[in-house]
Amino acid sequence: GAVVSQHPSWVICKSGTSVKIECRSLDFQATTMFWYRQFPKQSLMLMATSNEGSKATYEQGVEKDKFLINHASLTLSTLTVTSAHPEDSSFYICSARALTDTQYFGPGTRLTVL
Amino acid sequence: EDKVVQSPLSLVVHEGDTVTLNCSYEVTNFRSLLWYKQEKKAPTFLFMLTSSGIEKKSGRLSSILDKKELFSILNITATQTGDSAIYLCAPNAGNNRKLIWGLGTSLAVNP
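Heads up: the sequence lines are chains G and Z, in that order.
Each residue of the first sequence is one higher than the one before, counting from 14 in the numbering used here.
Each residue of the second sequence is one higher than the one before, counting from 520 in the numbering used here.
Hint data in this document are derived by calculation from the structure and do not stem from the laboratory.
Ideal Cβ placement from N, Cα and C applies to all residues, glycine included.
Just so you know, nobody snuck in bad clues.
Each pair of labels, with its calculated beta carbon distance range: (1) A15/G x G601/Z: 20 to 30 Å; (2) L39/G x T569/Z: 18 to 28 Å; (3) G572/Z x D114/G: 13 to 23 Å; (4) S577/Z x S18/G: 22 to 32 Å; (5) K576/Z x L39/G: 18 to 28 Å.
So here's chain Z without its partners, still in its complex pose (with noise of 0.2 Å):
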């Protein structure tokens, strides 16, 4: 059975603090990995991983996907309150290509 786990599930850190979110996932027919923030409405599109090794990069956000050990991590550096927000990885996988939700971890920022 596909399963994504998000970890830790939930986050308080002060403003500037720095960040790492997990993402491990079991899937079949991997194609890429997304990572999206949701804050009260629906979820916004960050990063969409395919390929190991090689970082995406957007403003202080990043993210990373390891194909060998199934996982994914985003980093936020110099967090800010704007930042606070619950954010989903999502494996795209199978011949439907649906995207396989996880909790997501709920990150607060403090100022």
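This is chain G alone, in the form it adopts within the complex (with noise of 0.2 Å):
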């Protein structure tokens, strides 16, 4: 049990254009999901968190316009990341929160903008 999917697993797109991650809880419901990313070699950074139904909470310093996050569902969550550039090129992971508190994580989102 407690299986979080995501897809694509790995996307490469050119620079400018738009890319939709969408994160689902398999086998429960989740009313709060997290977005990560992390780079090579560094620490899990939060992104925002996404309670269902509501507008998603942003870390400072992440842009909600560049970062838009709809959780329309109690099983799903989706980050579109708006004019990629090459910056935003990372490994994104997200985590949908189980009744007992426990986070589990989705495999994640290899982002490479071109």
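Hints given; two lone chains; assemble the complex.
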């Protein structure tokens, strides 16, 4: 149990395009999901907290207009990187919080912007 | 400011050795502490600790929390090469229940 999926697992896009990443909790409902990014050999950096049915809460320094988050159901949150640039290339990971308060992570999405 | 310090930062051992990984924390509104293992991809959940002194065990891994001294340890006995990974501890804190991340301990188990 407690499986979280992410799609796509990797994506390459051209500069200026937008990319959508999906995060799904497969066997539990998650009122809260979290989006992280991770650069090589660095720790996880929380970008935003996504609550079902309400606006996401962004961490300081994260542009909400650039990283659009939608949490339309108890099992799905999406992150859209708008007008992507090479500096947005990173490993994006979502997690979903179960009722036990444990956060389970998706496998991550590697984004490369050319 | 919330803070998590893990030690050692890196560790190299031989198969069969026992290792102890440390995590000390200072966070507001502490709720629980979670341990994760991260290999090449995203972290996988190991343990969630909420009470002091109660050991959680899963196979060769075990963990315990001390809420008075604000630390936790993760033990791995009879290490195997497959245990090589970064081990992350993350207190769950605050009203928004965010995880506060340490830098992790990078464990390498040599055959």
